[in-house]
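Chains as they are written, first to last, in the working numbering: chain A, 185 to 433; chain B, 684 to 990.
There's no promise every hint is true.
Facing chain A, from chain B, some residues (calculated, C-beta under 10 Å) [said to hold, decoys possible]:
no., residue
1, C754
2, N811
3, A815
4, I895
5, S898
6, P954
7, L957
8, I958
Here chain A is said to cover these stretches of chain B; the calculated rule only asks that three of the stretch's residues, wherever they fall, bring their Cβ under 8 Å from a Cβ of chain A [said to hold, decoys possible]:
no., region
9, 770-779
10, 842-850
It is worth saying that the hints were derived from the structure and are not from the lab. Ideal Cβ placement from N, Cα and C applies to all residues, glycine included.
The residues making up each chain are set out below.
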Amino acid sequence: MKRDLGHPGGSLSIADILTVLYFKEMNINVKDLKDENRDRFVLSKGHAAPALYATLYEKGILSDDDMKGFRQINGILQGHPDMKHTPGIDMSTGSLGQGVSTAVGMALAGKLDKKDYRVYTILGDGELEEGQVWEASMSASHYKLDNLCFIIDNNNLQIDGPITEVMNSYPIDKKFESFGFNVINIDGHNFEDIEKAFDNARITKLKPTAIIAKTIKGKGVSFMENQVGWHGKAPSEEQYKQAIEELDA
Amino acid sequence: MDKNIKIATRQSFGEALKELGDENKDVVVLDADLSGATKTNIFAKAYPDRFFDIGIAEQNMIGIAAGMSTCGKIPFASSFAAFVTGRVYDQIRSSVCYPNLNVKICGTHSGLTVGEDGATHQMLEDINLMKALPNMHIFSPSDDTQTRWVIKEAAKIKGPVYIRLCRLATPLIYDKDTKFEFGKGICFGEGRDATVFATGDMVCKALEAKEILKSYGKDIRVVDIHTIKPIDEDLIVKCATETEKLISIEDHSIIGGLGSSISDVLTEKYPKKLIKIGTTDFGKSGKAEEVLEYFGLTSKKIVETVL
């Protein structure tokens, strides 16, 4: 998936979380992606689509050809997730703050139908600046949606700089606590931490869970890690080779 | 049919929603703290489990509706037209229309007849906003009978629908057993002196004008455009070929509303002048009829334009 644009930094920060979600935590049926009892996933920070596509590829849902079409005019992989044309995508996202509300809607429908499925959504720490996130949080707590789990990708960087400098959304955990969430702070690159947090969320009753995952933007690629500049651009040929070598190591 | 009976289309909407709820268990209703005014409280009373008052958070309401629709629900999300379209334009665009989800957006209190609350609440650009969105359908019913049909019709459409409703009570125009057709305008008479295209609460004004004009020896036809998107292109062209003068009237801006939609059709299919009656400015406070008079949305204005 090498293109002139794309969002490598924020994709690499959630790669470990997506791996646990799709290979351990979530109940999805690869043979029936629309199974009404499946767990749902909403990538509220839709710009991290490359990480989601890579996960769906590893899951066998997307093919090599699909991957080659990323951001291409004839491809099915849009710059941001598109549920109408890409298999395995539960919600179209891209305009920040909106995915979380749709996840609330899915969880609410699950409660109404007395179904056991769970709903997961990943949002960015910069995304927390969108007011809609807090409207959604208030309602998730109001409706006691214990089938809903937020994961906040706390890589501390947004396009214009560190979130503390652009618009400080800290303290993130205290904000979600005061909104009535079960809050868990974890290292978003520690598989054991991630798994335990999901276990905890699953047994928590009458409250939605917010997992605040400390992550590193550009994780695994030395020249990308914690660099603001790697939000929305793709590596050069040489940088790409180096990145792949480091990620494979 | 008793023409002296007046019913607000928001009232018809509230009652029709409850009836739809009786028939279809997938129907859910969402509101944003205005259920008494939008009349969704009728549904709420009958089906409390399927009613969700999201509070004063319209953006979240649209997102929740979108999420629920992906799980097989048919959500009707309601608020005043100003707050359920303009305020949430991007939510409707990105979370509803782009994924083509089965969400029905119901805007009551559209247009100037909101009256006393004034400009912030008098939504005059909602048709314009909703019209440009791919996948969106738009209904603007003119009376009680038609509104009840619209609600059932909206539930049959698999995709986004915007329903434009009014606060003020308006006269009954149609018999209860009238058959309406999606996307097909309704002609009153075959008058050849002028065609007056009207929608929503302006249809009754146009019909009043038709009566008045008889005494001047003028025979006009009134066309009720209840489906604004897709619009009845064939009927518009037919009227343009058969009548002398073309006029449109709407309780909405003439930019991007009914008049513009008709004008778009004429430009491509049968170039002819259209006189558009509507607003070009923000509204203002006053009694509904006074505000309509102030902005020239009256039968008198139609009569003058025809003569």
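Consistency of the hints with the structure:
Among the interface hints, the one on C754 (chain B) holds; its C-beta lies about 4 Å from the nearest C-beta in chain A, closer than the 10 Å criterion. Because the closest C-beta pair between N811 (chain B) and chain A is about 20 Å apart, greater than 10 Å, the hint is violated. Evaluation of the A815 (chain B) hint against chain A yields a violated restraint, the C-beta minimum of about 16 Å exceeding 10 Å. At a threshold of 10 Å, the smallest CB-CB gap from I895 (chain B) to chain A is about 49 Å, leaving the interface hint violated.
Interface restraint check: S898 (chain B) against chain A, minimum CB-CB distance 55 Å, threshold 10 Å, status violated. Proximity of P954 (chain B) to chain A is violated relative to the hint, the smallest CB-CB distance being about 36 Å (cut-off 10 Å). Interface hint status for L957 (chain B): violated, as the beta-carbon distance to the closest one in chain A is roughly 36 Å, over 10 Å. A least Cβ separation of about 39 Å between I958 (chain B) and chain A goes past the 10 Å threshold, and the interface hint is therefore violated.
Coverage of the region 770-779 of chain B by chain A holds in this model, with 5 residues showing a Cβ closer than 8 Å to a Cβ of that chain against a need of three. Restraint check on the region 842-850 of chain B versus chain A: 0 residues with Cβ-Cβ distances below 8 Å, three needed, restraint violated.
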